[in-house]
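J.: For the protein sequence lines, the chains are A and B, in the order given. Per our numbering, residue 1 is the first one in the first sequence, and the count goes up by one each step. Per our numbering, residue 113 is the first one in the second sequence, and the count goes up by one each step.
Hints listed in this document are in silico derivations from the structure and should not be mistaken for laboratory results. Glycine included, every Cβ here is placed at the ideal spot set by N, Cα and C. Any given hint could turn out to be false.
Stated by the list, open to error - Take a look, some chain A residues computed to stay more than 10 Å from chain B by CB distance:
#: 1; residue: M10
#: 2; residue: E14
#: 3; residue: E58
#: 4; residue: I74
#: 5; residue: L111
#: 6; residue: A112
Claimed, not checked - With a cut-off of at most 25 Å between alpha-carbon atoms, the simulated SDA-like pairs for lysine to any residue come out as follows:
#: 7; chain 1: A; residue 1: K52; chain 2: A; residue 2: P7
#: 8; chain 1: A; residue 1: K3; chain 2: B; residue 2: G170
#: 9; chain 1: A; residue 1: K52; chain 2: A; residue 2: D67
#: 10; chain 1: B; residue 1: K209; chain 2: A; residue 2: H49
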Amino acid sequence: DAKTTQPPSMDCAEGRAANLPCNHSTISGNEYVYWYRQIHSQGPQYIIHGLKNNETNEMASLIITEDRKSSTLILPHATLRDTAVYYCIVRITTSGTYKYIFGTGTRLKVLA
Amino acid sequence: NAGVTQTPKFQVLKTGQSMTLQCAQDMNHEYMSWYRQDPGMGLRLIHYSVGAGITDQGEVPNGYNVSRSTTEDFPLRLLSAAPSQTSVYFCASKSLKTGGYEQYFGPGTRLTVT
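Next up, chain B with everything else stripped away, as it sits in the complex (with noise of 0.2 Å):
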C-alpha cells in the first residue's frame, strides 16, 4: 500500500490563482480529512469527508473548496489564493469500522502564496 499520498510536494501561486492540491489513498478509507498547519498553530481542520459525495466543514473552511466523487480521492481548491493561505497543508484518511481508529496522514503539501 502507499498510503495516503498529496501532490503536488511544493507549490508557490501569485494571489489570485486558483489550484488543487491532490490527495488519494488506497486503503478503502471512508473518512478523509485536510488539515491546514501554520507556525505555533497546530493543524486546524478544513473540511472532512466521510464518504463518496459526502462533505463538511472543519474549523476554517473558507476560501477552500472540496469535493469527494470517489472514495479513494479527496482534492482541495484553493479558488482564488491569498498571501494567508500560505501554509503546509496535510491530508488524512481513516477507517471508519469498527476498529479503525488511526488516522493517516500523508507527506503534506506547502504552498506559498506571493
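Okay, chain A solo, but in the shape it has when bound (with noise of 0.2 Å):
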C-alpha cells in the first residue's frame, strides 16, 4: 500500500503562505491524494484532494508533482485559528472499494 512522509513539525508566520510537503513516492496511477487536518483532539477535517493536477479551493491549494510522487499543500495566507496538525492521506482502491491510509502527519503551528 501506498504510504506517506511528511515532516513532524513546521512554523509559519500570520500572515505568511504555509506551505506543507508530502512524499508518497509508490503512489500508483489510480490513487488519489488528500489533506486534512485534526485541531486539537476534534475529529479530522477534509482540505482538499487531487489526481494529478493542481487543486485549489477556498481553503488551500495543493500541488502535485508531474510524476506524482510528491505534493504540497498550500495555505496562502495562515491564521493562528489554521495551527492544526495536517494529514496527508492516500486513497487506495482495491477491489472497487475504497482505503485511506493516514501519515503521521505535520504539526503546523501559526506564530503571531
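If you follow the hints, you should be able to join the two separate chains into one complex; please do so.
T.: Next up, the structure:
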C-alpha cells in the first residue's frame, strides 16, 4: 500500500503562506492524494484532494508533481486558527472499494 | 443533520472486558470506517464498509469486529479488551456517489483499558 511521509512539525508566521510537503513515492496511477487537518483532539476535517492536476479551493491549494511522487499543500495566508496537525493521505482503490491510509502528519504552528 | 455521532465519549474498561463503540450517521452515506489514533502514530484504519452487509479489514483489524446491518450504523466491538487498545477511536462516513469525496468524522471515543 502507498504510504506518505511528512515532516513532523513546521512553523509559519501569521499572514504568510504555509507550504506543507508530502512524499508518496510508491503511489499508484489511480490513487488520490487527500489532505485533512485535525485541530486539538477533534475529528479530522477535509481540506482538499487531487489525482494529478493542481487543485485550489477556498481553503488551500494542492500542488502535485508531474511524477506524482510528492505534493505540497499551500495555505495562502495562514492564521492562528490554522494551527493544527495536517495529514497527507493516499486513497487506495482495491476491488472497487476504498481505503484511506493516513500518515503521521505535520504539526503546523502559526506564530503571531 | 447531526452528521456522525459516536457514543460513548469516554470509556474505561478492565482487561478482558468486552464492549461496543457505537457510530451512527444520518447522511445516508454508503462508506463508513473506524480509525484509532495513538500518540505519534496518526490515524490507523481498523475496518471499513461500503454498504450494509459489506465490511473489510483495514491496517490494524486484530482484536476488533464490525458489522453493518443498516446504512446508518457501524458498531465496533472489542471482544476482549487489552491495554494495547487504549486509544482514541474515530468513526467516519462518506458518500460513494459521484462528487462525494469528503469523509466526515465523528468527535471520537476515548478508551482506556486498565
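J.: Does each hint fit the structure? Answer for all of them.
T.: How the hints compare with the structure:
1. The beta carbon of M10 of chain A is kept farther than 10 Å from every beta carbon of chain B, the shortest such distance being approximately 16 Å.
2. Every beta carbon of chain B lies more than 10 Å from that of E14 of chain A, the smallest distance being close to 26 Å; the non-interface claim holds.
3. Its beta-carbon lying about 13 Å from the closest one in chain B, E58 of chain A satisfies the requirement of being farther than 10 Å from that chain.
4. Remark: the non-interface label on I74 of chain A is consistent with the geometry, its nearest Cβ contact in chain B lying 19 Å away (cut-off 10 Å).
5. Separation of L111 of chain A from chain B is adequate, the least Cβ-Cβ distance of about 23 Å exceeding the 10 Å criterion.
6. In this structure A112 of chain A is separated from chain B by more than 10 Å, as the shortest Cβ-Cβ distance comes to about 27 Å.
7. About 22 Å separates the Cα atoms of K52 of chain A and P7 of chain A, which keeps this hinted pair within 25 Å; it holds.
8. For the hint pairing K3 of chain A with G170 of chain B, the CA-to-CA distance comes to about 14 Å; that is within 25 Å, so the pair holds.
9. Distance restraint check for K52 of chain A and D67 of chain A: the Cα-Cα separation of roughly 9 Å lies within the 25 Å cut-off, and the hinted pair is therefore satisfied.
10. Restraint check for K209 of chain B and H49 of chain A: the C-alpha separation of about 16 Å stays at or below 25 Å, so the hint holds.
Violation of the numbered hints given earlier is absent; every hint is satisfied by the structure.
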